[in-house]
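*Asks:* Heads up: the sequence lines are chains A and B, in that order.
Going by my numbering, the first residue of the first sequence is number 266, and it counts up by one from there.
Going by my numbering, the first residue of the second sequence is number 11, and it counts up by one from there.
No lab work stands behind these hints: they were computed from the structure.
Among these hints, one or two may not hold up.
Said to hold, decoys possible - Footprint (simulated), chain A over chain B, 3 or more residues, beta carbon under 8 Å: (1) 24-34; (2) 113-125; (3) 132-146; (4) 151-160.
Note that CB positions come from ideal geometry on N, CA and C, so glycine has one too.
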Amino acid sequence: MSSIMHQGRAAYAFFERNLNLTKRYWGWEIVWLVYNIVNALSVTFIGASAQLVTGTKINTNFLILYLLIGTSVWSYLSVTFDGVTDIINMERWEGTIEHTFMAPISRFTHMIGSCLYAVVHGMLFTVVQLVVVGAFFHLDLSHANYLTTIFMLLVGSISFIGFGIMTAVLPLLYTEKGMQMSFIVRAIILLVSGVYYPVAVLPFWMRPLASISPATYVLDGLRFAILDNQPIWSPAIWSVTWPLIITGIVSIPLGIYIFRIAERYAKRTGKLKRNG
Amino acid sequence: MATYVDIPVVENVTLDITKDAVVIDGVSKVFKKSRPLLPWRRKKDDEKNKKREVRAVDDVTITIKRREIVGILGANGSGKSTLIRILSTLLIPDTGKVTIFGYDVEKDERMVQRLINRVSVEASFFKKLSPLENLMYAARLYNMPGAEARTKIFEILKRLGIKPDRITAPLENMSRGMQQKVAIARAFLTSPIVLLLDEPTTGLDPRSKIDVQNFVLELRNVHDATILITTHDMEEAEALCDRVAIIDQGRIVALGAADELKREVAEIMGRDEPATMHEVFMHYTASHPITEEDIRRYGSWEKAFEALEAEREEED
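Excised from the complex, chain A in its bound form (with noise of 0.2 Å):
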């Protein structure tokens, strides 16, 4: 029991002190929030000049609102894995790394308080976004189901936080470079998953690919919640549900066993010092 208690207060510790980084960093949140906005719009507008790039009648309520699901997805998986990788990012940077591996915790609970805050931050992140992009459109949002589109992000989280924990073993094992590795992963998850675009259009050999990426099936979701207006529970959300689950059962705890091997051979090496 007061083990648990210990893990708990520990996670909580993660938790806290991101939070409190948050709030002394605003200013920088500020600038990467207007950023995402500005990249979300110059997306989005796309759709809305589509009829008059093309000449020919198109539904642009339905493609603003397909483009904006893309970027709102781009906008919450590169936060949440920001904040993932950051794991070992930022502790590189401020020179804590050390201190925090040689706390008397499990690895699971310290990846568990950082994912968790990732998963909020991202979600608020998102949903600020998603405001004010759409502020500057008349959507028809009467086909939305917000409450399938906040269980797709919830569950969608779960597998992405799987492979963000993967993804932090590239600052960890590669310390000048690491970071840059992770965006290209973010990138690759991003460009195979039909972020813009059905993956029916990618070419033939990149879309097993496009099968075992779990933003897939959250892009997927979040279309037939925000479009089609689908339940949780119809088969079309339960199609790509399960495959969600299965991929986040199978990432989390396949992450945390790389990392454990990772971090066993910065040990070993000394990579795990402060400056790299």
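Mind docking chain B on chain A? Use the hints.
*Replies:* Chain B only, in chain A's frame:
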């Protein structure tokens, strides 16, 4: 006969305090340059790589008793920090074994982590956060309830001379000396049984240095902590430590009470009055220990030291 005590921060755990606090037995650590990925580059670099192997810690054996303060003196790159990192569970040794009150640092990692804490030469903190926020984070990691931690943090920081208004302001606005005091407070907060101090006073002004040294002594005298401290400061080693180990190129070349070492070196130097700690350090970190034969050969201890150092530089 074994004597067991309950450890306040470590619930449900009793320690046999008759056991040696720290046992380092034949520990070595070699750092290697990573091999190139391409096989043809690998062959070409094999010879170079052998030369680039760094034997940071070389067959170190030392036992530290409970409530003992042991100082490790050594030049930059002599292996002091590597040894501290091994004890802190941050590095896995290639050979040998390290135990803390009988717990193996590799096999019983979590238990060892509960018993120890470390202060490094750089005060490693989230600089935008305040001392309170940083210390609350540390306290929670070490299973301390929030309210208790808060009270204790204010008490310790006040005791270390940090003004109340600085406790909630970002740490980046504090001087290095103040930051180092907060680092000491963080280590103290978790009531470690074994405290590892890696050059805790390097770069501090004399007053801050004395404050930190007094606090270290208090940790031992009042709280029964066992302390391993690395330092470049000979006076500090002499003032704080029950025993001093001198480490050179990863090997312990001398170990004993400061007075003992001073007498030994004075004898070798052929003097009646004890040598200084500075002379002790120079003597043991020369290319090889200066013997009476060296002194006869070169005329005096100082000349023998200079000649042997010149030889060492040539070899390097």
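*Asks:* Do at least three Cβ atoms from the segment 151-160 of chain B come closer than 8 Å to Cβ atoms of chain A?
*Replies:* holds (count 5)
*Asks:* The segment 132-146 of chain B covered by chain A? Criterion: 3 or more residues, Cβ-Cβ distance below 8 Å.
*Replies:* Three-residue rule met by the segment 132-146 of chain B, so holds; n is 9.
*Asks:* Count residues of the segment 113-125 of chain B with a Cβ under 8 Å from any Cβ of chain A, then say if the count reaches three.
*Replies:* holds (count 4)
*Asks:* Closer than 8 Å Cβ to Cβ for three or more residues is the test here. Does the segment 24-34 of chain B pass it with chain A?
*Replies:* violated (count 0)
Hint violations for this structure: number 1 only, all remaining hints satisfied.
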